[in-house]
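> Residue numbers (the working numbering), protein chains in the order written: chain A, 13 to 198; chain B, 36 to 325.
Hints listed in this document are in silico derivations from the structure and should not be mistaken for laboratory results. Be aware that one or more of the hints could be misleading.
[To be verified] If we take Cβ atoms under 7 Å as the criterion, some of the chain B residues that face chain A in the derived model are:
1. Cys45
2. Ser49
3. Ser82
4. Ala85
5. Leu89
6. Ala93
7. Cys226
8. Gly228
9. Ser230
10. Thr234
11. Leu242
The C-beta atom is built at its ideal place from N, Cα and C for all residues, glycine as well.
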Amino acid sequence: MSILFSKKNLQLSRDLQALTGENVMLCYQCKKCTLGCPSAYAMRMKPHELMRAAQLGLAEEIYWSGTIWICLSCETCNTRCPQDINIIRVIDGMREMSKKLDYYNPYPVIPAMHRIFMTLVGRFGKVYELGLALLINLRMLTPFKDIDMASPMLLKGKLKPFPHKSHGARELRQVMGRIRKLEGAK
Amino acid sequence: MMPYAYFPGCSLGSSGYDYHLSLKYVTKALGIDLMEVKDWVCCGASSAHATSHLLSIALPVLNLSHAEKDGFDKLIAPCLACLSRFKAANVELEHDDDLKKKIHEVFDYKYQGKVKVYHPLEVFLEMGLDKIRGRIQKKLKGLKVACYYGCVLTRPPKIAQFDNVEDPQSMDSIVRTLGAETTDWSYKTECCGVSMTLTRSDMVLKLSNDVLREAKEAGANAIAVACPLCQANLDGRQRQIEETYKTRYGIPILYFTQLMGLAFGAYPKEVGLQKLLTSPREVLGSVGLM
Numbered sequence: 013m014s015i016l017f018s019k020k021n022l023q024l025s026r027d028l029q030a031l032t033g034e035n036v037m038l039c040y041q042c043k044k045c046t047l048g049c050p051s052a053y054a055m056r057m058k059p060h061e062l063m064r065a066a067q068l069g070l071a072e073e074i075y076w077s078g079t080i081w082i083c084l085s086c087e088t089c090n091t092r093c094p095q096d097i098n099i100i101r102v103i104d105g106m107r108e109m110s111k112k113l114d115y116y117n118p119y120p121v122i123p124a125m126h127r128i129f130m131t132l133v134g135r136f137g138k139v140y141e142l143g144l145a146l147l148i149n150l151r152m153l154t155p156f157k158d159i160d161m162a163s164p165m166l167l168k169g170k171l172k173p174f175p176h177k178s179h180g181a182r183e184l185r186q187v188m189g190r191i192r193k194l195e196g197a198k
Numbered sequence: 036m037m038p039y040a041y042f043p044g045c046s047l048g049s050s051g052y053d054y055h056l057s058l059k060y061v062t063k064a065l066g067i068d069l070m071e072v073k074d075w076v077c078c079g080a081s082s083a084h085a086t087s088h089l090l091s092i093a094l095p096v097l098n099l100s101h102a103e104k105d106g107f108d109k110l111i112a113p114c115l116a117c118l119s120r121f122k123a124a125n126v127e128l129e130h131d132d133d134l135k136k137k138i139h140e141v142f143d144y145k146y147q148g149k150v151k152v153y154h155p156l157e158v159f160l161e162m163g164l165d166k167i168r169g170r171i172q173k174k175l176k177g178l179k180v181a182c183y184y185g186c187v188l189t190r191p192p193k194i195a196q197f198d199n200v201e202d203p204q205s206m207d208s209i210v211r212t213l214g215a216e217t218t219d220w221s222y223k224t225e226c227c228g229v230s231m232t233l234t235r236s237d238m239v240l241k242l243s244n245d246v247l248r249e250a251k252e253a254g255a256n257a258i259a260v261a262c263p264l265c266q267a268n269l270d271g272r273q274r275q276i277e278e279t280y281k282t283r284y285g286i287p288i289l290y291f292t293q294l295m296g297l298a299f300g301a302y303p304k305e306v307g308l309q310k311l312l313t314s315p316r317e318v319l320g321s322v323g324l325m
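All chains should be built: construct the whole structure from the sequences, respecting the hints.
Below, the structure is given as structure tokens:
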């Protein structure tokens with residue numbers, strides 16, 4: 013792939029540094045991140061390629077590959093990076109930035125899961141596991157997925173059929189509201 | 036009795052209830068008093084930091100400040116997802132004044148960063164293996180246990196500040212103290228894939244299968260875990276994994292606290308063994324524990 017390089021290409025790394033404090037330019041492509049990554053086999057753009065693409069400002073390619081959503085946040089890359097780059101923070105930064113961008117995402121269900129998760133947490137103050145699973149299954153159009161796992165868990169009382177509300181839920185919603193305001197004002 | 040603030044997290048109320056039961060049993064036996072954090076809320080796990088960094092720090096701080104207000108300086112978080120979020124919040128607040136300013140803007144109560152966060156393993160090790168040895172009534176002879184630490188108990192070292200990053204030994208030393216054998220294996224800290232458990236189950240099946248296969252190959256007849264999410268994947272999905280990969284494991288996945296409870300002389304029901312999906316009856320029965 014040939015890239016016409018201009019000052020504009022530096023914008024992405026600058027934006028990332030402003031948002032996350034991480035300098036992607038420090039990466040020298042040793043590939044330790046990719047070699048240790050448990051989900052690299054499922055990524056179209058491997059972690060070290062993502063770092064290179066971020067250096068070159070190829071935002072569209074990064075979002076199109078969907079790699080940022082396949083990352084499991086297991087912290088292996090962060091532990092092994094010889095340049096001490098917080099790669100997950102970079103990926104989280106790109107996830108945060110994606111809210112305001114309109115690029116194609118091959119795995120729209122995964123950000124939808126995070127949104128549903130946070131909505132339920134805001135509502136009850138805790139995770140309501142069964143409700144979360146049901147809502148995501150509906151979103152994926154596979155309502156009965158994992159029913160073979162859920163039914164014995166329900167029978168053994170390992171899944172609660174109804175949500176349990178925390179008394180702190182109100183305070184939590186207040187905090188979430190203030191954060192939204194703070195981030196919106198930025 | 037040593038009082039600790041206790042943050043059970045969402046899992047220990049439902050899918051990890053057996054962890055809760057066994058942890059309560061073991062801490063009581065060792066003289067540790069667990070006081071549940073008042074009005075605790077979800078720590079945000081892996082979804083909060085995927086949506087907003089500030090939110091992912093604010094949720095742990097909300098809980099930590101409840102504990103601080105009640106005068107605690109030590110908090111136990113048995114779930115690894117909660118544990119790593121709490122530790123990350125403490126470390127980042129200490130080093131990032133900008134973030135601290137923002138967090139103080141969001142909260143009425145100004146959290147001072149006085150609450151130190153521990154995993155039960157850290158607390159037990161700090162008390163010393165001799166204390167554990169003194170409580171043992173029934174040695175776990177004949178069990179060959181693969182200790183599975185999961186992803187974020189030791190990673191990243193800057194935040195976890197516990198044990199060896201790539202080859203941790205804390206759980207092994209406790210399990211060996213109980214009289215069981217532990218296996219040497221290389222998947223101790225691999226990821227089970229839990230953050231995709233609802234959206235990309237295929238990945239979870241692959242990653243969890245790797246862990247189960249390696250444990251079996253190392254000769255283990257049981258796996259000990261320290262996190263309700265690992266347990267839900269390895270135990271709850273074991274049937275699915277066996278069907279997908281056309282194999283048979285039948286390895287019971289026990290919390291290390293359940294093993295401790297058994298060695299301390301608990302009845303199986305007291306430490307929640309009846310809640311496991313892959314029954315431990317055969318393995319524990321063969322060594323005279325059940």
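> Each of the hints needs a verdict: does it hold here or not?
Going down the list of hints, with the structure as the test:
1. Checking cysteine 45 of chain B against chain A: minimum C-beta separation of about 4 Å stays under 7 Å; hint holds.
2. Look at serine 49 of chain B: its Cβ gets to within about 5 Å of chain A, closer than 7 Å, so that hint holds up.
3. Because the smallest distance between the Cβ of serine 82 of chain B and any Cβ of chain A comes to about 4 Å, under 7 Å, the interface hint for this residue holds.
4. Below 7 Å, beta-carbon pairs count as interface contacts, and alanine 85 of chain B has one with chain A at about 5 Å; its hint therefore holds.
5. Below 7 Å, beta-carbon pairs count as interface contacts, and leucine 89 of chain B has one with chain A at about 5 Å; its hint therefore holds.
6. Checking alanine 93 of chain B against chain A: minimum C-beta separation of about 6 Å stays under 7 Å; hint holds.
7. Here the hint on cysteine 226 of chain B is kept, as its CB sits about 4 Å from the closest CB of chain A, short of 7 Å.
8. At about 6 Å, the closest approach between the beta carbon of glycine 228 of chain B and any beta carbon in chain A falls short of 7 Å, and the interface hint on this residue holds.
9. Proximity of serine 230 of chain B to chain A holds as hinted, the smallest CB-CB distance being about 5 Å (cut-off 7 Å).
10. Because the beta carbon of threonine 234 of chain B sits about 5 Å from the nearest beta carbon in chain A, less than 7 Å, this interface hint is met.
11. Taking 7 Å as the C-beta cut-off, the interface hint given for leucine 242 of chain B holds, the closest approach to chain A being about 6 Å.
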